[in-house]
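Each chain, letter by letter, is given below.
There are 2 protein chains.
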Amino acid sequence: MKFELDKSIEVLEKTPLILEAFLSGLSENWIHNNEGKNTWSPYDVIGHLIFGEKTDWIVRIQLILSASENKMFEPFDRYAQLNEEQNLPISQLTKKFIELRSENIKVLKSLNISKEDLKLTGIHPELGTVTIAQLIATWTVHDLGHIAQISRVMSKQYKEEVGPWVKYLGTLNK
Amino acid sequence: MKFELDKSIEVLEKTPLILEAFLSGLSENWIHNNEGKNTWSPYDVIGHLIFGEKTDWIVRIQLILSASENKMFEPFDRYAQLNEEQNLPISQLTKKFIELRSENIKVLKSLNISKEDLKLTGIHPELGTVTIAQLIATWTVHDLGHIAQISRVMSKQYKEEVGPWVKYLGTLNK
Chain A
1 MKFELDKSIE VLEKTPLILE AFLSGLSENW IHNNEGKNTW SPYDVIGHLI FGEKTDWIVR
61 IQLILSASEN KMFEPFDRYA QLNEEQNLPI SQLTKKFIEL RSENIKVLKS LNISKEDLKL
121 TGIHPELGTV TIAQLIATWT VHDLGHIAQI SRVMSKQYKE EVGPWVKYLG TLNK
Chain B
1 MKFELDKSIE VLEKTPLILE AFLSGLSENW IHNNEGKNTW SPYDVIGHLI FGEKTDWIVR
61 IQLILSASEN KMFEPFDRYA QLNEEQNLPI SQLTKKFIEL RSENIKVLKS LNISKEDLKL
121 TGIHPELGTV TIAQLIATWT VHDLGHIAQI SRVMSKQYKE EVGPWVKYLG TLNK
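Just so you know, the protein sequences line up as chains A and B, in that order. Using this note's numbering, the final residue of the first sequence is 174, and nothing's skipped along the way. Using this note's numbering, the final residue of the second sequence is 174, and nothing's skipped along the way.
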């Protein structure tokens, strides 16, 4: 698929619905267990997504579109959520993400990004020059990757419970 | 996590909601593109899940609990959906899955499977002896694996569109 803004927004708008369907009302073990030391639980993933909404995607798009001469992005702290208060119920954390995403989609649409604008560039501190199109494509893929991660992490909680089926189940062997 | 029937049902009940949230109203490309030759699109995955509801999980549980002396499972055709009519809109396919799953959860609950029943066994044609607990754990993990797959397959459609971010995005490198 070639990048299209509308098709990216389709996915970006779905992520909150998917996460809500996924995580609301689940037992604590499904929410808080991870894949082992220094890995993330579904709870941690939602925290990470919240930080992205606050400090990463839209902020960077706005910087690229701004009159500022300095187009260097602030580095994104991929572990910021681990320093946050960890006692918020998952329902509140998910609600927070839903609100932030909804607000950011509104901003994204209000920017009326044209096909020409999609080629405008910023500077990623590690990756160098990137376009708005690449940034929005990455936002989309990043969402999908973390949905896949939540699924995988949850599936692994039953790794010892599936008996001989373990070898047929791809997510248990990653 | 140790296997618990209730915690498995939590996930099994969520899968239809997650898939509905994921796939309803998406553009055809997101639904029908796959990862390359002999791989599945999200559309194919839903077809596969439908066959599981019809011929695999509950059928096998019922066989184990039945008075039948022959506890050998029928082999499950993991590619059956590829021989089916491929023109049903995804919304109808998803609806079909939701109905079948809802019906199967009702059956599962109505079986009143006890802790002792969970240890009862059937014979998998390739894997040998398996318990009801292992079967239900596998059903749960199988759902989560296919949700992860749908996410991964969709994310890959943008592999060429993310530019230098490709190396940060795990699902693009699987």
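Rather than coming from a laboratory, the hints here were simulated on the basis of the structure. Watch out, some of these pointers could steer you wrong.
Dumping the calculated DSS-like pairs for lysine-lysine here, alpha-carbon to alpha-carbon at most 27 Å [stated by the list, open to error]:
(1) B:K71 with A:K159
(2) B:K174 with A:K115
(3) A:K54 with B:K167
(4) A:K159 with B:K106
(5) B:K159 with A:K115
(6) B:K159 with A:K109
(7) A:K119 with B:K2
(8) A:K174 with B:K71
(9) A:K7 with B:K174
(10) A:K37 with B:K2
- [ ] Starting from the hint list further up, note which numbers the structure goes against and sort them upward.
- [x] 2, 7 and 8
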